[in-house]
Amino acid sequence: MELVLNSGACNGCRICELACSFHHQGVFAPEYSSLKVSNDYREGKIHLSLEATCDFCLQESQPMCVQYCVTGALKKGRENEPS
Amino acid sequence: MNPAKFGGLAGQILRVDLGSKKISTEETEKYAKNFLGGRTINSYILLKEMDPETKFSDPKNMLIFGVGCLVGTLAPGACRVSIETKSPYSNGKGSANFGGHFGPELKYAGFDHVVITGKSKDPVYLWIHDGEVEIKDAISVWGRNTGETEKILREELGDNRIQVASIGPAGERGVRGSIVFTNPGKAAGGSGVGWVMGAKKLKAIAVRGHGSVRVAEPQRFMAAVNRSLAKIQASPYAQGWRRGIIEAKFLPHSPAWNFFASPRNGQDEFWPLEKRAKLVGLESGVPRYKKRIMACFGCPIGCLPYSEIEEGKYKGTKGVGYWINSATYSTKLDLDDPAASIRYHLMLNELGLDGDMCSTSLAWAFECFEKGLLSKGDCDGLNLRWGDGEAILAMQQKLAYREGIGDFLADGVKESARKLGKGSEFWATHIKGQDSVDPYRAAKGWGFGVAISPVGGRHLRGAVSAPEVTGPRGLKWSPAAYENIPEAVYWQSQAKEIEDMAGFCIFVGTWSGVHALEVSDYTELMSSALGIDLIEKDLMKIARKGVNLEKAFNTLHAGFDRTDDYPPRRYMEEPVQSGPHAGSRCDKERWDEMLDRFYELNGWDKKTGWPTWKGLEELGLGEVAARLKKVGRLK
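Respectively, the protein sequence lines represent chains R and B. Residues 1 to 83 in my numbering are what the first sequence lists, from first letter to last. Residues 84 to 718 in my numbering are what the second sequence lists, from first letter to last.
No wet-lab data here; the hints were simulated from the structure. Glycine is no exception: its CB is placed at the ideal position from the N, C-alpha and C atoms. Please note that a few of the clues may not be correct.
[Unchecked claim] With the C-beta cut set under 7 Å, the calculated list includes, among others, these residues of chain R facing chain B: (1) ASN11; (2) ILE15; (3) GLY26; (4) VAL27; (5) ALA29; (6) GLU31; (7) TYR41; (8) ALA52; (9) CYS54; (10) PHE56; (11) VAL70; (12) GLY72; (13) LYS75.
[To be verified] Only some residues are given here: those of chain B computed to face chain R with a beta carbon under 10 Å: (14) GLU233; (15) GLY292; (16) LYS374; (17) PHE380; (18) LEU387.
Model the full assembly from the supplied sequences, consistent with the hints where possible.
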């Protein structure tokens, strides 16, 4: 499985970082998140990146970050795969 | 770092004296057990520790940052920080609040509150990281605007995930209406909190934390989070804020649309539809410049448009800002040019100026110009004509740097009118000494909530717009009538206290009406996160403590009484000129009836407006009552 990250659709709220850290450690801590959101407010750019610690939440029905994302910036599947 | 006994909290309060450079910490729990968090703890510390004889300008004035007790968790929209101080406008309660990503970062760095006292000899900034604090030389950022300050500090400290709260040139120069700014485009405005930070020679606070926030009952908390998110997603108002806010208030299908304008310094409270459409219409107005939406931390709405202007005289203007403030500001100055409106809004944030304060001061000057009391010569060669974007932008710059006419206006509209005289006091709209931007006459619940606000003419205490959007469920009231307004404002002032205690944004809660978060949701989220048994009634009681702490501060420090809870004279004597509410004004007799009822509900004395022994005792605030009794200001 893969995650498709669409930085263009993201609004930078970082809810995914909270959901991900809760999945890994049971606490809320962006530091423990496999997903990282970088906001550039001067240029209006947002960048999403995924670290190797991501386990795709295999025991969940959906990855936690996908479950909680409100913008549709995160999706389960392969890049270029029709959703 | 000491792990907090309560869930939700970081666990420690940081105290910094900028004069002696002394740094200390204490446990948050000592305060949290009675006041839970955020603004309510700030208010308690401010009231308990500040000597009423200490003026706002004294280095001993306190500047307290308080992060809501749910900030840093998945509680939706809980990201906000309250800032309390003694107000430079009044010597009464100063209070302002911002969202963004600063609050959660402070908690991940180990602190719930930062209490700042003293004054540094030279400009400094605080660098807070993972339980450590450094007071650092601010030579690289003093004189810089807020965006540059953030950029430079991130480079200097070598981490682009550092969050920064800073003042701009306005705060450095002692402009009364200065903000504390943080990204994305969020300002703690009102009460001159940026003035106090500037007076302490504190340019910024930079923060970075690699820690975590835990909740006491994770499963129960996540269930409450899921229910809350579903309610927010289902709320048309919450989603309206996402679409750039304008729809919720300014387009004709909004129940509130005819109530929120005070054109030409409040000479009227109706703005023609053509002007509204030009400024905020989806095709022609500010939305046409939107490139994307950006959001505060943990917010499922996201209300902050990033705009870019690609043609015309404001070409090259870009940044993240918040449209509704632009709309309020624009009607006050009769400006219907959307590009100029985006330009000045972004400029306010860079300069560190508050839009409400700035537009009120500017609108007063424009009216003086219209009536011949200020000449072109008095205004450094500018023609202050209503709706002139260029004049507005030039005046903002002058105000922030205290140049010429800007220096004359920089202490607020009350002081400007006192200096000029000649009847200009009549259109100087202020309450409790502070500039007041809001309309009062058409929407009775809004006007009343603004007038009784302990922080002086502000709409974020008890102001209610329309029953579909704000106020309690089940109460019958309507925006243009006086009936049941005190009851609605009484409830709203407590609900807002809870939101500031926990750190919730009003757009996920009490400004999004039916279906968005309610006090019952806050109760469940706070109980499961903090690990304390709360029912809704308990939470409302703690909120009433907070409301009374602010009331007591004003009574003790500023000597405010019933006479300070009336609208500016203009709004009582001069009716609305046009539109569906033409002829409407604030009726003195009806106002007195509302005040009587509001004081009665709060347990305050009707004649003086002061707190009562009985009212404070019932809330467990006997120590506050004793202090008021000692100076003869308790009934």
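Okay, the hints, checked on the actual structure:
no.: 1; hint: ASN11; result: holds, 4 Å
no.: 2; hint: ILE15; result: holds, 6 Å
no.: 3; hint: GLY26; result: holds, 6 Å
no.: 4; hint: VAL27; result: holds, 4 Å
no.: 5; hint: ALA29; result: holds, 3 Å
no.: 6; hint: GLU31; result: holds, 5 Å
no.: 7; hint: TYR41; result: holds, 5 Å
no.: 8; hint: ALA52; result: violated, 18 Å
no.: 9; hint: CYS54; result: violated, 18 Å
no.: 10; hint: PHE56; result: violated, 19 Å
no.: 11; hint: VAL70; result: holds, 5 Å
no.: 12; hint: GLY72; result: violated, 12 Å
no.: 13; hint: LYS75; result: violated, 17 Å
no.: 14; hint: GLU233; result: holds, 8 Å
no.: 15; hint: GLY292; result: holds, 8 Å
no.: 16; hint: LYS374; result: holds, 5 Å
no.: 17; hint: PHE380; result: holds, 6 Å
no.: 18; hint: LEU387; result: holds, 8 Å
Hint compliance for this structure: hints 8, 9, 10, 12, 13 are broken, all remaining hints hold.
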